[in-house]
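**Q** Sequence:
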Amino acid sequence: MTTLSDSEIIVRCQSGDKNAYGVLVKRYMKKAYYSALGFMHEHEAALDLSQEAFVKAWRGIKSVDHNRSFFTWYYTILKNLCLNELRNLKNRAKNFSEIGTLKEDIINESHLLPYEQKELQEQVWQAINQLQSGEREIIIMREFQDLSYNEMAEILDCPIGTIMSRLYSARKALKQKLNKVLERDH
Numbered sequence: 011m012t013t014l015s016d017s018e019i020i021v022r023c024q025s026g027d028k029n030a031y032g033v034l035v036k037r038y039m040k041k042a043y044y045s046a047l048g049f050m051h052e053h054e055a056a057l058d059l060s061q062e063a064f065v066k067a068w069r070g071i072k073s074v075d076h077n078r079s080f081f082t083w084y085y086t087i088l089k090n091l092c093l094n095e096l097r098n099l100k101n102r103a104k105n106f107s108e109i110g111t112l113k114e115d116i117i118n119e120s121h122l123l124p125y126e127q128k129e130l131q132e133q134v135w136q137a138i139n140q141l142q143s144g145e146r147e148i149i150i151m152r153e154f155q156d157l158s159y160n161e162m163a164e165i166l167d168c169p170i171g172t173i174m175s176r177l178y179s180a181r182k183a184l185k186q187k188l189n190k191v192l193e194r195d196h
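Per my numbering, the sequence shown starts with residue 11, numbered consecutively.
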């Protein structure tokens, strides 16, 4: 069954085949985890939310168009769960200090001492937190989850040109915010 396409597996799932759904889960488990980690920056939260999203996806599998990409549909569920959890964390913590640290390879920090790396990561997150939610989302999708322009366009339901424009604007805004944070802290 592992050689079947997502479309064929979705049709089986829609007829109640839990084993077929298990194939989809195994196929996308790692990608789902890393997608959630891109939002949450914490192993346990990413694991919990990716699993919760698979449960929700199973409950709604009958409503999905079998010709649509399973992962794109699933990702929408996962993203919403992550954003809700982040909102809850933000309300409790009023900042992202509890959420975790920045993905290490997002910036070249090999020349920095460990405490300097942590400080820089915190400064980058301060800048990211100051972005508008749409800017923050597109930065996370591209820079942390390594989604392609096509995947982002499908998830956000807009043309690739719009994605490219939004990403350019978000990066520009992030650069400005980061410069302000770095100037303020030094």
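Careful, some of the hints might be misleading.
Label pairs and their calculated CB-CB ranges [what the hints assert, rightly or not]:
| # | residue 1 | residue 2 | range |
| --- | --- | --- | --- |
| 1 | Asn-189 | Leu-14 | 49 to 59 Å |
| 2 | Lys-190 | Asn-29 | 31 to 41 Å |
| 3 | Gly-26 | Lys-185 | 47 to 57 Å |
| 4 | Lys-36 | Gln-140 | 31 to 41 Å |
| 5 | Leu-14 | Thr-172 | 11 to 21 Å |
| 6 | Lys-28 | Ser-143 | 17 to 27 Å |
Here are the simulated lysine-lysine pairs, DSS-like style, with alpha carbons at most 27 Å apart [to be verified]:
| # | residue 1 | residue 2 |
| --- | --- | --- |
| 7 | Lys-128 | Lys-66 |
| 8 | Lys-40 | Lys-72 |
| 9 | Lys-128 | Lys-72 |
| 10 | Lys-40 | Lys-28 |
| 11 | Lys-41 | Lys-72 |
It is worth saying that the hints were derived from the structure and are not from the lab. Cβ coordinates follow ideal geometry from the N, Cα and C atoms, glycine included.
**Q** Take the hints in turn and mark each one as holding or not.
**A** Structure-based check of each hint:
1. Evaluation of the 49 to 59 Å hint for Asn-189 and Leu-14 yields a pass: the beta carbon distance comes to about 50 Å.
2. At roughly 53 Å, the beta carbons of Lys-190 and Asn-29 sit outside the given window of 31 to 41 Å.
3. With their beta carbons about 50 Å apart, Gly-26 and Lys-185 fall inside the hinted range of 47 to 57 Å.
4. At about 39 Å, the beta-carbon gap between Lys-36 and Gln-140 stays in the expected band of 31 to 41 Å.
5. Remark: the range hint 11 to 21 Å for Leu-14 to Thr-172 is contradicted by a beta-carbon distance near 34 Å.
6. Taken as a hint, the range 17 to 27 Å is violated for the pair Lys-28 and Ser-143, whose Cβ atoms sit roughly 36 Å apart.
7. Proximity of Lys-128 to Lys-66 is assessed by CA-CA distance (about 35 Å); at most 27 Å being required, the pair is judged violated.
8. Using a Cα cut-off of 27 Å, the hinted pair Lys-40 and Lys-72 holds, with the two alpha carbons roughly 24 Å apart.
9. A threshold of 27 Å between alpha carbons decides the hint, and for Lys-128 with Lys-72 the separation of about 45 Å lies outside it, so the pair is violated.
10. Only pairs whose Cα atoms come within 27 Å are accepted, and Lys-40 paired with Lys-28 is accepted, the gap being roughly 19 Å.
11. A distance of roughly 22 Å separates the Cα atoms of Lys-41 and Lys-72; the hinted pair therefore holds under the 27 Å criterion.
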